[in-house]
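Visitor: Chain residues, written in single-letter form:
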Amino acid sequence: MQPLNRRLKGDGPIGHLRFAAALFATNLKASLAQRAAFAMQVLFMIVNNLVFFIFWWALMNRVDTIRGWRIGDIQVLFGIVAASVGLGGAVTGGVRHLGRLIDDGELDTLLTQPRPVLPYALGLRMQPSGLGDLLSGVGFIVWSGQVSWREWPTVALAVSGSAIVYVACGVVFFSAAFWLGPIESVARQLWDLLITFSLYPEPLFGGLLRFALFTLLPAAFVGYVPADLVRDPTLGRAAALVSGSAVYLALAIAIFHSGLRRYSSGSRFGTFG
Amino acid sequence: MTGRTGKYVAFLRISFAQARHARGELYGRVVFFVVILGVFSSLWTAVAEAGMPLAVEPRAMVWYLAITEWIVLSAPPMHFDIQEAVRRGDIVCQLGRPVSWVGAAFAEGLGLLIARAPLLFATACACAAVFTGWVPPLRVLLVIAPLGMAACALVMALWIGIGLLAFWLGDVGPVSWVWQKLMFVFGGLLMPVELYPALVRRIAPFTPFPSVLSRPASLVLHENAGEAAALVLSLAGWGTITAVTLAFLFRRAAAALTVNGG
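So the sequence lines, in the order shown, correspond to chains S and E.
Anchor point for the first sequence: position 64 equals 64 in this note's numbering, and the numbering is continuous, going up by one each time.
Anchor point for the second sequence: position 69 equals 69 in this note's numbering, and the numbering is continuous, going up by one each time.
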């Protein structure tokens, strides 16, 4: 069998995608080695999301709409955010550990590999619970009754765009460790805040807060913009989501590489494979 | 102070000092608190506009949410620390100390709680006052503060119980997610339990969650000396049940660790 690096030729986008797919496959095999733990994480995450939704279900049983949003709209929003967070966790579960890798000098092992550092760091881990999020997210979208089978390519685009912005934000927040040192808990809270904001209907927010949600903490691109695209697909909405996610992805890559130039080695010795 | 309690006070003081130095996390929680309260304030304003019949005014609801969020955010999530101690094997060294391991964990948690809770309570009151333009009578807040602290301590003890499951499960993350969401629903974190469907209302009293969240926070909605006294008894009752459960769980966990060789 050829070594992984020899088989994955090319450093362009296709090469990166192949590399990411190989990392995902390896992580999935490793997770499935402990089947009971894997199944428990997936199942409990689905239960977790269902229990959380009881709040919205109970609330919307008492009012028809909240500023024009019905229960089906909230199910779509909830489904998109859950699916994108799940996709991000399953494919790029290493984001959550990026701050610690930087602060502890553990990027050393990745820097010596013949592969780009950021995709490698992101794909190092997989969160099996992400698959639970992804499944429950799809379940919520189906349950909403607002999406026919013909619209599933649009749903895939919406979830992918949302997941890119979500992961890009994680990279930006955790990359702050290059300059600020141990910021893991603060970065994690900021990232949680992004999810929290994404789960509430857009018309609740106005003024300065609304501006911040489209820029500084781009919850709009994780939740409302992709949810709007699924509820009412137009080329304009698709273009807004694609361009928004491209901008945040480019920003995340630029910030990570800018930080990488400041990175100082942890002088660690260890095995890697 | 006797030597017996002095050991636990030492644990408390060390974790208090550590928490005071880890200011980043505390300020992060404050920011999270401000933002989440802003979201809920907007949500309940919108719900009131939508014509939902509420037994209380939206401004009182914001204060209710400020208190429930204060309790949830102040209680240290001890289960993560316990899980890490079990995973790394640190637990083996800790068990050799001449103290109750659960007691030491609780004392450490109390140190964190005492460092966080006052600032978060001040944040809760300041934010709720700004968002609503209204402040409940001072005597109500003076009753809520100690009862809320006791509720935070009970929430933390419950997290220690979840953490002890790491001895058997290894990863307590999945259990903790579901436990947390059950606390949100049956405890009435986001809205009072009375507004949930009948099934939730029927099950809730058989769980500790209303005593730690909705009942302390409901003192803002309905000022009632009898309810405050009943809450003290309820917290004491659930505290006793939790302490007995923790002792039982830890004895079983320690036995399992001895059998498996650590």
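If you're looking for bench data, these hints aren't it; they were derived computationally from the structure.
Glycine included, each C-beta is placed from N, C-alpha and C at the ideal position.
Fair warning: there could be bad hints in the mix.
The calculated label-pair distances, taken between Cβ atoms and stated as ranges, are [said to hold, decoys possible]:
hint	chain 1	residue 1	chain 2	residue 2	range
1	E	ALA255	S	ARG100	32 to 38 Å
2	E	PHE80	S	PHE214	29 to 35 Å
3	E	LEU142	S	ARG210	33 to 39 Å
4	S	GLY181	E	LEU257	33 to 39 Å
5	S	ARG100	E	LEU233	40 to 46 Å
6	S	ASN61	E	VAL244	50 to 56 Å
7	E	GLY96	S	LEU28	36 to 42 Å
8	E	ALA229	S	LEU43	50 to 56 Å
9	S	ALA212	E	ARG139	36 to 42 Å
10	S	SER243	E	VAL244	57 to 63 Å
11	S	PHE214	E	TRP168	42 to 48 Å
12	S	LEU43	E	PRO197	19 to 25 Å
13	S	ALA239	E	VAL130	46 to 52 Å
Covered stretches of chain S (in silico footprint by chain E; criterion: 3 or more residues with CB under 8 Å from a CB of chain E, positions within the stretch not fixed) [what the hints assert, rightly or not]:
hint	stretch
14	42 to 50
15	193 to 199
Here are a few chain E residues that sit away from chain S, every Cβ distance over 12 Å (derived from the structure) [said to hold, decoys possible]:
hint	residue
16	THR132
17	ALA145
18	PHE206
Visitor: For each hint, tell me whether it holds in the structure or not.
Guide: Results for each hint:
1. E:ALA255 x S:ARG100: 32 to 38 Å: For E:ALA255 and S:ARG100 the Cβ distance comes to about 34 Å; the hint holds.
2. E:PHE80 x S:PHE214: 29 to 35 Å: The hint (29 to 35 Å, Cβ to Cβ) holds, given that E:PHE80 and S:PHE214 are roughly 33 Å apart.
3. E:LEU142 x S:ARG210: 33 to 39 Å: Hint holds: Cβ distance 37 Å, inside 33 to 39 Å.
4. S:GLY181 x E:LEU257: 33 to 39 Å: holds, 35 Å
5. S:ARG100 x E:LEU233: 40 to 46 Å: Holds, since S:ARG100 and E:LEU233 (Cβ atoms, about 45 Å apart) stay within the stated range.
6. S:ASN61 x E:VAL244: 50 to 56 Å: violated, 38 Å
7. E:GLY96 x S:LEU28: 36 to 42 Å: holds, 40 Å
8. E:ALA229 x S:LEU43: 50 to 56 Å: violated, 42 Å
9. S:ALA212 x E:ARG139: 36 to 42 Å: holds, 38 Å
10. S:SER243 x E:VAL244: 57 to 63 Å: holds, 59 Å
11. S:PHE214 x E:TRP168: 42 to 48 Å: holds, 46 Å
12. S:LEU43 x E:PRO197: 19 to 25 Å: holds, 24 Å
13. S:ALA239 x E:VAL130: 46 to 52 Å: 39 Å Cβ-Cβ, so the 46 to 52 Å window is violated.
14. 42 to 50: holds (count 5)
15. 193 to 199: Coverage by chain E holds for the stretch 193 to 199 of chain S (3 residues, Cβ < 8 Å).
16. THR132: Answer for E:THR132: holds, closest chain S Cβ roughly 16 Å.
17. ALA145: Fine: 24 Å to the nearest Cβ keeps E:ALA145 off the interface.
18. PHE206: holds, 17 Å
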